[in-house]
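*Asks:* Now for the letters of each chain:
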Amino acid sequence: MSTKLDATSARERVRAFVAAHRDVTDRVGFLRARFDAGLAWVHFPEGLGGLGASRDLQEVVDAEFAGTPQPDLGKQGVGLGMAAPTILACGTDAQRRRFLRPLWTGEEIWCQLFSEPGAGSDLAAVATRAVRDGDEWVVDGQKVWTSGAHHARWGILIARTDPDVPKHAGMTYFVCDMAAPGVEVRPLRQITGEAEFNEVFLSSVRLADDLRVGGVGEGWRVAQTTLMNERVAIGGEPVEPGGGPIGPVLETWRTRPDLRTHDLHRRLLALWVDAEATRLAAARFREQLAAGLPGPEGSAAKLAFSTLNQRLSGLDVELNREAGLRYDDWTFRRSDDVDMFGRDAGYRYLRAKGNSIEGGTSEILRTVIAERVLGLPPEPRTDKNVPWKGLPR
Amino acid sequence: MSTKLDATSARERVRAFVAAHRDVTDRVGFLRARFDAGLAWVHFPEGLGGLGASRDLQEVVDAEFAGTPQPDLGKQGVGLGMAAPTILACGTDAQRRRFLRPLWTGEEIWCQLFSEPGAGSDLAAVATRAVRDGDEWVVDGQKVWTSGAHHARWGILIARTDPDVPKHAGMTYFVCDMAAPGVEVRPLRQITGEAEFNEVFLSSVRLADDLRVGGVGEGWRVAQTTLMNERVAIGGEPVEPGGGPIGPVLETWRTRPDLRTHDLHRRLLALWVDAEATRLAAARFREQLAAGLPGPEGSAAKLAFSTLNQRLSGLDVELNREAGLRYDDWTFRRSDDVDMFGRDAGYRYLRAKGNSIEGGTSEILRTVIAERVLGLPPEPRTDKNVPWKGLPR
Amino acid sequence: MSLLYTEQEQDLRDAVRAVLADRCSANTVLARVEGDLPYDGDLWRVLARDVGVAGLLVPESLGGAGASSREAAVVLEELGRAVAPVPFLTSAVLATTVLLRAGTSEAGKILGDLAAGATTAAVAVSLAADPFRPGGNDVVAEDGGLTGVVPCVAGAEVADVLLVPVGDAVHAVTEFTVDTDVSLDLTRPVATVTLRAAQSVRVADSSDAVPYALAYTAGLLASEQLGVAEWCLDTTVAYAKERTQFARPIGSFQAVKHRLADLWLDVVRARAVARNAADQLTGGLTDAARTAVATAQAWCSPVAVHAAEECVQLHGGIGMTWEHPAHLYLKRAKADSIALGAAGDHRDALAGLAGVPAPA
Amino acid sequence: MSLLYTEQEQDLRDAVRAVLADRCSANTVLARVEGDLPYDGDLWRVLARDVGVAGLLVPESLGGAGASSREAAVVLEELGRAVAPVPFLTSAVLATTVLLRAGTSEAGKILGDLAAGATTAAVAVSLAADPFRPGGNDVVAEDGGLTGVVPCVAGAEVADVLLVPVGDAVHAVTEFTVDTDVSLDLTRPVATVTLRAAQSVRVADSSDAVPYALAYTAGLLASEQLGVAEWCLDTTVAYAKERTQFARPIGSFQAVKHRLADLWLDVVRARAVARNAADQLTGGLTDAARTAVATAQAWCSPVAVHAAEECVQLHGGIGMTWEHPAHLYLKRAKADSIALGAAGDHRDALAGLAGVPAPA
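Chains as they are written, first to last, in the working numbering: chain A, 6 to 398; chain B, 6 to 398; chain C, 39 to 398; chain D, 39 to 398.
Everything labelled a hint here was simulated from the structure, so no lab data went into it.
Take every hint as true, because none was put in to throw you off.
Computed list of lysine-lysine pairs in DSS-like fashion (alpha-carbon distance at most 25 Å, straight line):
{"#": "1", "chain 1": "B", "residue 1": "Lys389", "chain 2": "D", "residue 2": "Lys279"}
{"#": "2", "chain 1": "A", "residue 1": "Lys389", "chain 2": "D", "residue 2": "Lys279"}
{"#": "3", "chain 1": "C", "residue 1": "Lys279", "chain 2": "A", "residue 2": "Lys394"}
{"#": "4", "chain 1": "B", "residue 1": "Lys307", "chain 2": "B", "residue 2": "Lys80"}
{"#": "5", "chain 1": "A", "residue 1": "Lys389", "chain 2": "B", "residue 2": "Lys389"}
{"#": "6", "chain 1": "A", "residue 1": "Lys389", "chain 2": "C", "residue 2": "Lys279"}
{"#": "7", "chain 1": "B", "residue 1": "Lys389", "chain 2": "C", "residue 2": "Lys279"}
{"#": "8", "chain 1": "B", "residue 1": "Lys394", "chain 2": "D", "residue 2": "Lys279"}
{"#": "9", "chain 1": "A", "residue 1": "Lys80", "chain 2": "A", "residue 2": "Lys307"}
Simulated restraints, written as ranges between beta carbons of each label pair:
{"#": "10", "chain 1": "A", "residue 1": "Arg386", "chain 2": "C", "residue 2": "Glu361", "range": "24 to 34 Å"}
{"#": "11", "chain 1": "C", "residue 1": "Asp325", "chain 2": "D", "residue 2": "Ser245", "range": "47 to 57 Å"}
{"#": "12", "chain 1": "B", "residue 1": "Glu292", "chain 2": "C", "residue 2": "Asp246", "range": "25 to 35 Å"}
{"#": "13", "chain 1": "C", "residue 1": "Pro397", "chain 2": "D", "residue 2": "Thr324", "range": "23 to 33 Å"}
{"#": "14", "chain 1": "D", "residue 1": "Thr218", "chain 2": "B", "residue 2": "Val221", "range": "49 to 59 Å"}
Ideal Cβ positions, reconstructed from N, Cα and C, are used throughout, including at glycine.
Whole structure, please, built from the sequences with the hints as guidance.
*Replies:* What follows is the structure, given as structure tokens:
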């Protein structure tokens, strides 16, 4: 099995697996078997859902599995996209064996406990404390913007273990047991009325030291592994001209000739061009990726799409006029995903406001582009070489 | 004469002066007499062109002098607006007596030697050196963006006299003799083709110590006096709706119906609103000033007008199409003023680009508004407490 | 003509602001929007009667204060600043202007009650009506009375009297049902009004009163939008001074700083155009006033929306939460940008008023 | 279909760039615009013959390279980057496309000479012509030949052959006078062409060839605009790293940084739309290609102008001087934004192409 897999043999292997498991209709059962066959993530080691194969082959494998039971990319997103690669890269063997399989099958859901009320763009400012007590850590603090915390069995957590050193050096990374006493999850209501996210309060939560990922004080480095594995947001799937977020506005425009004015027409045409340019840039980026040339354009996509979504949904509300003065539903309820197509223009308008905040604000993204892509020099920093406890907060 | 003047007596005094000098047709002669009568700047001391009166009365006096020979606000602008108040506030008695009268009459023109190629927004970074040599100073360096240097008898100059102290502390303010050996004035051609400004090269220029204004090392403070006396730019005289910089574009629009498109129409309407809002804000600011309530809105006017001028002239070039592809004159020649109404759209477009650079860039103005008006905290500074000679340049 | 505030106007502002500070904090408003209706009757009674805002535009001969559009605009600035859930715009400006313009004795009677704060009125037109192209409605006068349905009416829930344009006239009715819509603007919801053979009193014989009042009110709405924008700017500036990231107040970052400077510059101009509209309207809807109204709306609508959007963005995550009041302002600003003509409609009006003709 | 560059395209780019680096520095161009005409005949001969760009679009059967719009676009990117004063766009793209579309044997003869770099051609239409509403001209065919005046023609000064649309046909003439206008764009001036009973050869019998070529060339002009924008971005980024004020490179100030990040994002998209237009045009002017052309022009025109404006602004005073080349790019970008349809005209075209109908 140590001979390297190629695309042909990977395809054959998947076909054989699918043929052999045609009768397994139970989703979890199928995914367990897929994991055990090393076909979850082929680039993971054998025994941990993979075959030690090249990362490129995953696409081939995924394509062959089309039509079979799939992981739930919504609920399992944090686990699959962030926790799994981090545990593989930085966890112990015991952690890998304990966590990866149920993570893959969706039997255990994961959430991310990074952001805090005082640590948003400045993630390294986390104030949640973890204090060692024998073989355990006692954790106190508050996390926020945690999606899926109410479903989650585990959370990836960064906490401050040493306030006496500079902020990047005093953090440690843990797996947080969401069922432990002292973990309280409260839905966080958003301006749309619903709650996609949670606040998580940690009060004297005791975590065994074997839930620590990486060394004490290495939390920032481990967290970078997590964040680098956040899927490059390139605005979702490829779409046709006029598809994607401009779709609903065009639909209104085409079906309601009575709402048309020259003013709105010029603004909509300009946004059509903007949407098309953004779509083509994403398509070009996908081509680069496929050609093995990942360029910096990927980091631009989120910035472009968030602005575009906001402008399009803003125009849509205005175009709708009377319908724009109404709203579909303010009920305070939990919501597991963002519904940009099923709900009305007002919801899209409000929800899109979050696009330029969540997952890196547009301000942070502009700085990242300027420094990492254009090579512009950083600003003077005053917070790098002083103990965390001495920083203004 | 030491009894305070009121508006009525000021008006009477001017009327009497005008009646008595009805026969003086020579402009310089009339202005000399007006200076000697203390009616140049009534708030200046007696004998120095004033009567020691309240500053408010100047408006009354100026109004009464309407229709009489006037100073040339173009060529004499730097002298009247910047040099005179600085010399009054910071100069010696001998300097006041020597300089103010011919400055007022226009017999001696002044220019400003502040900016340098390496000191634009960061004026305190001036590198022109002045080294003491007995009763004289020897000045070497290069100044730039000096309007009127080729007409000027004198220049107000800031130079570095001590490179071993922090940059704000090592400058000294001089009156530069523009006729001295070593002063070379070269026209600086702009993107419009002409040269409104000059570069001034100073090579071993010897200035007597009695041309120093203020103490050695006090140049920054003296320069602040100069800069605070720069007239608040509030976009020129009050205009009617549709007047001012939007005038030429509206003229094209109205006389050339063949050029109209819906796209240009919407953009022009939006600019009309922008121009009107900016005009009304300036009118409101003038009302505040008149009511003795100078507000922070004045500092906004330049920022607003430069953006507006640029957008209007940009639209005008595009609207003109074939005429916009042409240009009136690229001849390299000196020009003493900006002609925003007599020349074509292309000239206005190019010249307006300078509006957001000259007299404080838009970037600097935004910082000034943010810090002085909104009270937002400054950025960390790295250049305040180190010797000038150690700073990166 | 002056674009500044007079001393009386400042006094009026202080009085309104004191009441709002006392009774209309962000938390009060947030709590109230959780109920069936956001309107605060007690607050309105204090403002309407004690401060006397209900009758500001009503002549003294009819029991009002005989003040002008300038004073009403000042009140609207303060109400916008507080997103105060009271029917000032809908009753004391829009309905009152319809009745003033009608000029009949029937209208005068209603005006007296409104001025006294005894009753409240609303006009049965869509809040989205474009003053320059107001559509009709489908209300008909039949044998038994008025019958029809009017959507998107603001302030109807708290109205005792409804003014209904029917053909060339305006009628007052007191029998009507109101179904509040789930509305984008939590603090000024819209409702569907239904008339079923409602008895009515004819208060105006001309079809002009309603479009006149819509344009007049649009001009004053700019002052409400100014108030909304000011609150957003002030709140964001305060937050930028206090919120620390990377060991610095975020307001020390140039990107934040420059955006706030630009926003301030927009708000400075919003104040100028809103004051100008309020001032010009003291002489009625002259062409100069119509130009001022269209300019004020074309400028203030996008500025208020932009200010609220910047407020949410620069507050980061907290700005996206229900518990922070920023969303109340975002929703009001966005609804206001549709109300009484969108910015584009007002720019259309300027094509004629300012001599910028459309392409043939 | 691919939006990336092929290896051959990269090789072509390298070849063009090497020639331009050698012969077309900013100082060379600046010095040249001081003369009567900016065009650089030596540079053009090297590019046209040695690199072979003159015949890129001409089929091999007629002596050309048989390449496509994709390769021509790459050449235009480089020429835009250097604001190179050569008649590639006017002769090797616009005139060549007219002749290719004409398809007559007379056209073929001229194409052979053009491809060989032996002659250069221009089309007697205004550079400001909107491809979607190209106006006519006042040239008439009389007994003695063609007579008339055509304003704002680009590339006429260096043209041996002039292609003149007359009625339903296109004629080639070699006798004409050219009066160069003082032009906004110093590196591609426009001129007034006068024909006085000029002898002519009929090269096309259809009126379609010229508008077809105008739209096709508009699509490729986007690549020139991309090149202009790239130069402006690169030059400004380099300056921001090196220029120090307040003891810091100005590129470390967030306001500068964020604007350059936004500009980069615009240029990334400019590359995508320009490549898309170049790619779609390989199949001729299909509806998809027309959409791609209109999108590319609507996006790239303002982006190039904005990039040049940011270049001037962020260079501060030095950017306002004649000695710094930024103004050459500003002038080219602005003239390009008028050439072959302004952005608004292209958005108009999209109303039909993309199904976004105008109000009735």
